[in-house]
Amino acid sequence: MTRGYIFARLWQTLPMLLGVVVIGFLLVHIAPGDPILALAGENGDEAYYAAMRERYGLDQPLANQLGTYLWRLAQGDLGTSAIQKQPVSDVILDRLPNTLLLAGTALVISTLGGVLAGLWAASRVGGWRDRTVAIGTLLMYALPVFWLGQIAILWFGLRWGWFPVQGRTDARSRATGLAHVLDVAHHLALPALVLASQQIAVIARLTRATLVDALRSPHIDAARARGVSESRILVRHALPAALLPVVTVVGNRVGHLVSGAVVIEIVFGWPGIGRLLVSATNDRDIPVLLGLFLLIGFAVLIANLLTDITYKWLDPRIRIG
Amino acid sequence: MRAPRTTPRRYLPWIGIILTAFVAVPALFAPLIAPYDPFALAGPPLASPSRSHLMGTDSLGRDLFSAVVHGARTSLLVSICVAAPAALIGATVGLTAGFAGGWVDNVLMRITEFIQIIPRFFLAIVVLAIFGDGYRNLVIVLAISSWPVIGRAVRSQTLAVRDLAYVESARMVGARVPRIIVREILPSMWSILTVMTGLLLADVILIEASLSFLGLGDPNHASWGRLASDAQQYLRHAWWLAVFPGAAIVTAVVGVNLVVNDWRPEHSDVGS
Amino acid sequence: MKGPRRRVFAGLAAVMLVTASCASDDEPVADESDTTTGTSPATQPPEDETAEQPASTTAPTETTEATQTTDPGAPEDDGPAGAGGTLVVAISDDPGQYNPALTTSGSVHTASELMFSGLVSYDDDYAPQPDLALSWEIEDDGALYRFALRDDVAWHDGTPFTSNDVKFTFENVLTEFHSRTKASVGALLVSVDTPDDTTVEFRFSEPYAPLLQQLDVTEAPILPAHIYANGDIEGNPANLEPVGTGPFMFGSRTPDEEIVLVKNPDYFEDGLPILDEVVMRVIPDAGSQVLALESGEVDWLWGVPGPDLERFRNDDRYGTLDTLVNPGGANCIMTVSFNLDRAIFQDVQVRRAIAHALDREAFVERVAFGQGNAATAPISSGIPTAHADGLDLPDFDPDEAARLLDEAGWVRDGDGVRTAQGVDGVDDGTPLRFGVHLFPNFAPYGELMKALLIEIGVDLEINALERATMVEQVFTDRNFDTNVISYCNGTDPEVGIRRMYISGNIAPIPFSNSSGYVNTDVDALFDEARNTVDPAARAEVYRTLQEILVDELPYYWLVETTSTRVFTAECSGFKAFGHFAESASCSRE
Numbered sequence: 604m605t606r607g608y609i610f611a612r613l614w615q616t617l618p619m620l621l622g623v624v625v626i627g628f629l630l631v632h633i634a635p636g637d638p639i640l641a642l643a644g645e646n647g648d649e650a651y652y653a654a655m656r657e658r659y660g661l662d663q664p665l666a667n668q669l670g671t672y673l674w675r676l677a678q679g680d681l682g683t684s685a686i687q688k689q690p691v692s693d694v695i696l697d698r699l700p701n702t703l704l705l706a707g708t709a710l711v712i713s714t715l716g717g718v719l720a721g722l723w724a725a726s727r728v729g730g731w732r733d734r735t736v737a738i739g740t741l742l743m744y745a746l747p748v749f750w751l752g753q754i755a756i757l758w759f760g761l762r763w764g765w766f767p768v769q770g771r772t773d774a775r776s777r778a779t780g781l782a783h784v785l786d787v788a789h790h791l792a793l794p795a796l797v798l799a800s801q802q803i804a805v806i807a808r809l810t811r812a813t814l815v816d817a818l819r820s821p822h823i824d825a826a827r828a829r830g831v832s833e834s835r836i837l838v839r840h841a842l843p844a845a846l847l848p849v850v851t852v853v854g855n856r857v858g859h860l861v862s863g864a865v866v867i868e869i870v871f872g873w874p875g876i877g878r879l880l881v882s883a884t885n886d887r888d889i890p891v892l893l894g895l896f897l898l899i900g901f902a903v904l905i906a907n908l909l910t911d912i913t914y915k916w917l918d919p920r921i922r923i924g
Numbered sequence: 008m009r010a011p012r013t014t015p016r017r018y019l020p021w022i023g024i025i026l027t028a029f030v031a032v033p034a035l036f037a038p039l040i041a042p043y044d045p046f047a048l049a050g051p052p053l054a055s056p057s058r059s060h061l062m063g064t065d066s067l068g069r070d071l072f073s074a075v076v077h078g079a080r081t082s083l084l085v086s087i088c089v090a091a092p093a094a095l096i097g098a099t100v101g102l103t104a105g106f107a108g109g110w111v112d113n114v115l116m117r118i119t120e121f122i123q124i125i126p127r128f129f130l131a132i133v134v135l136a137i138f139g140d141g142y143r144n145l146v147i148v149l150a151i152s153s154w155p156v157i158g159r160a161v162r163s164q165t166l167a168v169r170d171l172a173y174v175e176s177a178r179m180v181g182a183r184v185p186r187i188i189v190r191e192i193l194p195s196m197w198s199i200l201t202v203m204t205g206l207l208l209a210d211v212i213l214i215e216a217s218l219s220f221l222g223l224g225d226p227n228h229a230s231w232g233r234l235a236s237d238a239q240q241y242l243r244h245a246w247w248l249a250v251f252p253g254a255a256i257v258t259a260v261v262g263v264n265l266v267v268n269d270w271r272p273e274h275s276d277v278g279s
Numbered sequence: 272m273k274g275p276r277r278r279v280f281a282g283l284a285a286v287m288l289v290t291a292s293c294a295s296d297d298e299p300v301a302d303e304s305d306t307t308t309g310t311s312p313a314t315q316p317p318e319d320e321t322a323e324q325p326a327s328t329t330a331p332t333e334t335t336e337a338t339q340t341t342d343p344g345a346p347e348d349d350g351p352a353g354a355g356g357t358l359v360v361a362i363s364d365d366p367g368q369y370n371p372a373l374t375t376s377g378s379v380h381t382a383s384e385l386m387f388s389g390l391v392s393y394d395d396d397y398a399p400q401p402d403l404a405l406s407w408e409i410e411d412d413g414a415l416y417r418f419a420l421r422d423d424v425a426w427h428d429g430t431p432f433t434s435n436d437v438k439f440t441f442e443n444v445l446t447e448f449h450s451r452t453k454a455s456v457g458a459l460l461v462s463v464d465t466p467d468d469t470t471v472e473f474r475f476s477e478p479y480a481p482l483l484q485q486l487d488v489t490e491a492p493i494l495p496a497h498i499y500a501n502g503d504i505e506g507n508p509a510n511l512e513p514v515g516t517g518p519f520m521f522g523s524r525t526p527d528e529e530i531v532l533v534k535n536p537d538y539f540e541d542g543l544p545i546l547d548e549v550v551m552r553v554i555p556d557a558g559s560q561v562l563a564l565e566s567g568e569v570d571w572l573w574g575v576p577g578p579d580l581e582r583f584r585n586d587d588r589y590g591t592l593d594t595l596v597n598p599g600g601a602n603c604i605m606t607v608s609f610n611l612d613r614a615i616f617q618d619v620q621v622r623r624a625i626a627h628a629l630d631r632e633a634f635v636e637r638v639a640f641g642q643g644n645a646a647t648a649p650i651s652s653g654i655p656t657a658h659a660d661g662l663d664l665p666d667f668d669p670d671e672a673a674r675l676l677d678e679a680g681w682v683r684d685g686d687g688v689r690t691a692q693g694v695d696g697v698d699d700g701t702p703l704r705f706g707v708h709l710f711p712n713f714a715p716y717g718e719l720m721k722a723l724l725i726e727i728g729v730d731l732e733i734n735a736l737e738r739a740t741m742v743e744q745v746f747t748d749r750n751f752d753t754n755v756i757s758y759c760n761g762t763d764p765e766v767g768i769r770r771m772y773i774s775g776n777i778a779p780i781p782f783s784n785s786s787g788y789v790n791t792d793v794d795a796l797f798d799e800a801r802n803t804v805d806p807a808a809r810a811e812v813y814r815t816l817q818e819i820l821v822d823e824l825p826y827y828w829l830v831e832t833t834s835t836r837v838f839t840a841e842c843s844g845f846k847a848f849g850h851f852a853e854s855a856s857c858s859r860e
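Residue numbers (the numbering used here), protein chains in the order written: chain Y, 604 to 924; chain Z, 8 to 279; chain F, 272 to 860.
Please keep in mind that the hints were generated in silico from the structure rather than gathered at the bench. Everything numeric in this text was worked out from a predicted model, so none of it was measured. Glycine is no exception: its CB is placed at the ideal position from the N, C-alpha and C atoms. Don't take every hint at face value.
[Stated by the list, open to error] Have a look at the derived ranges for each label pair, beta carbon to beta carbon:
1. Z:111 <-> Y:611: 17 to 27 angstroms
2. Y:653 <-> F:502: 17 to 27 angstroms
3. F:692 <-> Y:635: 26 to 36 angstroms
4. F:702 <-> Y:635: 37 to 47 angstroms
5. Y:606 <-> Z:243: 56 to 66 angstroms
Using the sequences provided together with the hints, build the complete structure.
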């Protein structure tokens, strides 16, 4: 794997991102509804609206607006939030770490949890463990996220008081240092677990399926013949092969994680990108919306790239084409 | 040599079929089964389940059982309206790309990759919020953003099948390309299309539910997602409002998954 | 309410009470009504405060209609001043900037009003009370207003407050950015003069009566000129870290998470505020807000979903505070508007039939969950000087509704949807099917409408649209059949009601005359009311007006909505809005 390959791939993402921005731009601009009406408040007159349109450049032809936007974008300027009157990059970067923390934790939990559950199920195919995992994962997959989230809050938060029900930190204490980290972790646990639940289901099922497949292969039979213990076969021989498709799926599901985060952030009052998306959509804050299109497109492309790299790293047989 | 038992659990698909029937039958015969108009006032508000209201009533006094029965129809209809065009486009693109290869394949795959950049739930939020939350918009945005998954699966399947000997032989005898597609490849697509479409159906139900939670459901139709999300504010006042629609969603998603699981090609990341 | 300065304007004020109001869609609190500042500086709160009456300090009552329902059986002894403590307030979104002079957005005002002040505040009758201004005089029949300002006020950064701040704020900010003040005051304001540091004069091109109703922290918050005078007002860093004159100062902010306000030790009202800190906690989901209150993570909610309210009312661990000031404005009525351009609504009998089918009590009970009362007139009962009693509003009567529709040519076969048979402007056989436009958070109103209309053979389609689309379709394109909007009457019919009915206001402006109602008699009566000074005569004009409106039904009035604040009984001393936490205190073990 060469550095050149990575650069080439990064280079390829540029036109894709440009396309995402242009499509996003056209989408929000051809939509019905006048964004000025959302901005200008409830009263005001024609002249006031005209002045607002001019201020935000909405009186220009669409092509000019797009050109202006792309030109500024090329200079690294995402524009200014129409509602918050701050640079879009600040608005997004303020919230991005929180979503990364939430989604990242969920990714780790779901990958570890999913692989472990898959291993556990595959250790005795058709046995009660297998059945437990099969039924458990199906149920986790089938429940709407907000449903699971509200139930989790009601029980783990309110009834048993194990976790706080909302937010990222405690509102009354201004903890610093380690206490702050623990405070955030305490608040993070419930939303991250709920967000991870669906992914755990997907990854557990896939891990089990690939493990079962790998266990049928000749070299496993050979190992068995040599008298290698069943658990060692599972972990040392079957698992590495089974992990490859898991990597692909984990990478492909980054988009799902971001989507799930939207609902989770609202249920748990987590101050991240998902909530920004919902409020920017409702307020028709076009610069922020376009910034989010760009960010999410970028995140997905990077996730794909990382997936490819990890895949190749795990499986040296594949040559870089 | 003690080989572990690897035979699939044969009874699971049957459970799946029974669960799916629980959804399909009400969907087909909703007006006959539902005792009330799901939108009309049928009794006192927030009445718990009883003989006259099997699943209780909602805050306005509408019959929940009727709404759940009609919701089956809505959920199924929306899912099919999404899955059918998505499967059609996906199959066409996948077949063309896989069979033609070369630059055609390249272009088509770039397009599918491009569409997959923006997660469909994200796209659905934006489109429904600014274009209006009717089901027409939901169906359009989900169909457009869902076909690439199917397209890619069909393509890889096509690639695999294309090189198989029996296709080669058909080609040698001099059969024309469309004929090969129809006669040889399409049948082998059947299982993968069924799986993908089935999983898409389940996904659409879940996506619709989450969108309803964000206030983007269509209030003119009874749908499980809308019922389940409306119930959130009554979790501690009227358990039935959350439990029955929730159970309906789980039944449908689990049922469809069990049914298609049997056809699912190993290793595929379908449904992701 | 009987201080010396009251006489200055009492008579005129009662007549001219005009508070800009707005039709709200969702956001908390816009109208300010500060009851603390009487004509004398507020006294120390503890003396007046009783355990079961965590109301404001010197003012005897809350706003009209506001009631205290903290359970008297569970008095938390708040203790005297010094209790201090932190109040955690749930807000549903972080507006991202905290300059209330730039916008009418409810969420900005909710988050920022504690940090600012207006020239005046309002008591429970919406009569102006001193705030930054101590007294005022009116000359030239209302074309000149002269205010005497306090000389003991400092900005949060220590700079003294002067008349120049007022001049700057009006000339450079309010009449440029604040849409309501720009549209009303800005149109007629000629100049703002500052003869000395504690005097400010507003000069208008013609007599402008409503000014005193537009000077509180909601309509005209005063900004520090020394911070905003140089450079970009919208991009000023002080919009993120405000410097005001209010009871609390900006502390810190974590975007979308919380805004921390700290006590202003030099606040000009002696002894206030009591709390050390107010934390505005952003929790978007209403259900999660309730859970956070119950788990003790927050102390104050601006409102709760209906089903939870009964529980809080009956639980002595919580206090509630009812108010007619809703999120977004005062005296709001959920109103059905018929698009009179549409052929099916041109027949008043059809409108009357629909009105008979819409059970107002059902809306109060099943949609508003008791947070409100059935409307009885076009003008809210919260404006007693204009509200008419005993009007003949169509009562719930589905049979009468069916009869009227039959007569109007909409016939029904069995229990299906009615179809036209000889209706003017409608093809025979056309089904009686129309849509209702509303904001998504009002969808339950649409659902109950749909349920009630099914009974009389009418098929209703619900169009729940976010703000920009809704406003464009209803007011710009007039492409709708009916809509349900919360029209806030404000405190005088002049602004909040006139705009809905006069033919000159059928305009592409949000919350104008959406029905497209044209009646020259009505136009003339509104003008007559504006010029009638005698309250009794004025009320009579409004009665005549309302009788015409009830007769012609260009709109139908469903529910006068109220809001209920819910707070933990560990805290007390709240007002329902405005500087709601100015005299509050919390005690925790």
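Check: Which of the listed hints are broken here?
Finding: 4
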